[in-house]
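Chains as they are written, first to last, in the numbering used here: chain S, 1 to 307; chain H, 1001 to 1226.
The hints are simulated quantities; they were obtained by calculation from the structure and are not laboratory data.
Since the structure is predicted, the reported quantities are computational estimates derived from the model, not experimental observations.
Watch out, some of these pointers could steer you wrong.
To be verified - Under the rule of at most 20 Å between Cα atoms (straight-line distance), these lysine to any residue pairs were calculated in the SDA-like manner:
{"#": "1", "chain 1": "H", "residue 1": "Lys1089", "chain 2": "S", "residue 2": "Arg209"}
{"#": "2", "chain 1": "S", "residue 1": "Lys306", "chain 2": "H", "residue 2": "Asp1068"}
{"#": "3", "chain 1": "H", "residue 1": "Lys1182", "chain 2": "H", "residue 2": "Gln1080"}
{"#": "4", "chain 1": "S", "residue 1": "Lys103", "chain 2": "S", "residue 2": "Ala117"}
{"#": "5", "chain 1": "S", "residue 1": "Lys11", "chain 2": "H", "residue 2": "Gln1080"}
{"#": "6", "chain 1": "S", "residue 1": "Lys11", "chain 2": "H", "residue 2": "Ala1108"}
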Amino acid sequence: MFFIEFSRVVKFALQSILRNFWLSLVTVSIITLALFSVSFLFIFNLMSAHTLAVVEGKTNVYIDLTASATPEQAQLLVAELQKLPAIKEAEFITPEKTLEDFKARHQDNKLILQSLASLEQNPFRGSLRINVYNISDFPVILSELSKKDYGQYLEIEDQEFTDAKLLIQGIGDYSQKIQRGGLIISLFFIIISLLVVFNTIQVGIYTHREEIGIMKLVGASNSFVRSPFLIEGIVYSILAVAILMAVLYPLLAFIQPYIDGFFKEYSTSLITLLNQNFFRVFGIQFLIAVVITVLSGFFAVRRYIKV
Amino acid sequence: MIKFTNVSKYYKPNVVALKTVNLDIASGEFVSIVGQSGTGKTTLIRLMIAEEKPSEGQIIIGGWDITDIKEREVPYLRRQIGVVFQDYKLLQKKNVFENIAFALQTCAVPLANIRRIVPQVIKIVGLEGKEERYPFQLSGGEQQRVVIARSLVHKPKLLVADEPTGNLDSINTREIIDLLKKINELGTTVILVTHDRDVVNSLKKRVITIDEGQIIGDQSKGRYVL
Ligand SMILES: Nc1ncnc2c1ncn2[C@@H]1O[C@H](COP(=O)(O)OP(=O)(O)OP(=O)(O)O)[C@@H](O)[C@H]1O
Ligand SMILES: [Mg+2]
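Sequences are here, hints too, so could you generate the full structure?
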């Protein structure tokens, strides 16, 4: 009984899609367009979340030690810092290491290397490299450090941490603005597609009004009358998501070089990013499409069902 | 079979389509309903198949009180009533067999049963050999017979026909009325709404006359009196 009804409903739905081929095409295109704008919002979100994570992970703060601090004291300090839960890493950078790093960084600059060689002793002092889980924890940690006994060994300047924080805030603000813009554009497209799809489905249903009238007259249940149009909507949604995938992947591959050029070392493969979030992204897209089509179908058919 | 108790039907602003109608039709009867245009005959039919609900009163069909029938119960009522209207309401893109089968397809009847029932009703209405024809290849009378065949697929105990011969010439009218008589003789209660004086007079069956929404005549071997 159920199987008979189901297979017939599916058959009616497919017949209806094919019979109104051009209308179906318009419907699917519009849904695909709406999903396309949503996809970009998604990918942008993933990309900005990725960038933020990378930036935050790469943000180290160096705190210089004062001249009076001995390496032993510095090691003690590092051990203390490592105990703090907010701190991911703490490391003592010896003056020698700082000198080596400095030389390595300027190995092409003869002048600097010469003037360093002419010095009798290492001009650098030791420093502490601190990496935290959350950039916003920095101020607390810094004020903590300056209060305690070790304040005298550290030359705490807010500057460096402030720069890092501003960068991250900047990225956050930007991405929020763009996200909001993207959300508005996506909503706009979703509403447009809702209106267009509602109308195309209604036109489609209009071509079936006689059949619906007869169905009602001979005692078909409302759910039987309605189901083909809902299934039609689901078929449209599947098609739209399939087309979206077919277009999105090549497009991402195409824009990848530009993304790399813009984000430089913070860049990542968009396709990998999308694949990692495959079910979330396309699942939500499919849901959006189903809501658009099924809602449209439901309300469009309601007019003809009331007999 | 059909019982109307003090039924009134008002359409919105202030149209009185039916006014305190009392009606009792027994199982197996053949009843003609006559009356001038706009007097409420179609309204009476629409109340019987729950296309409309009464504003007042009570309607019982086959022991079932449909006065406040729920929307999801309507399909079960419709499957027990065959309905035939003046405009044929056939699907132009389906042939005779498919048009009749459609009524069964939409009600979850298995294919094997469809293959058995459709030829039966085609035989009853006398359209054997024309199963493959499309509506445009049929005369008006033949099209109306397809509609009647379709209305019979659920083996209804009640058949309501609202001016089924309204668009037909006298020969086709004769044939359709004979068919309805035959269906009535097979045990189905038939309600026939008609304007056709000759039809009513030749039937010699019960005639209910309606005027301005009220029953003004009910004779068991009636004639068309207006
Ligand atoms: N949906 C409606 N809304 C408002 N008024 C209606 C509606 N349907 C019918 N009427 C009115 O109710 C009255 C009865 O209509 P009905 O269709 O029952 O008449 P009828 O006897 O079938 O007429 P005819 O012989 O021309 O078919 C008429 O005055 C008509 O205008
Ligand atoms: Mg009428």
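Comparing the hints with the structure gives:
Restraint check for Lys1089 of chain H and Arg209 of chain S: satisfied, since their Cα atoms lie roughly 11 Å apart, inside the 20 Å limit. For the hint pairing Lys306 of chain S with Asp1068 of chain H, the CA-to-CA distance comes to about 16 Å; that is within 20 Å, so the pair holds. Between Lys1182 of chain H and Gln1080 of chain H the alpha-carbon distance is near 18 Å, which keeps this suggested pair within the 20 Å criterion. A hinted pair counts as satisfied when its Cα atoms are at most 20 Å apart, and Lys103 of chain S with Ala117 of chain S qualifies at roughly 10 Å.
Under the criterion of a C-alpha separation no larger than 20 Å, the hint pairing Lys11 of chain S with Gln1080 of chain H is inconsistent with the structure, at around 26 Å. Of the pairs offered as hints, the one joining Lys11 of chain S and Ala1108 of chain H holds, with about 13 Å between alpha carbons and a cut-off of 20 Å not exceeded.
Taken one by one, the earlier hints fail for this structure only at number 5.
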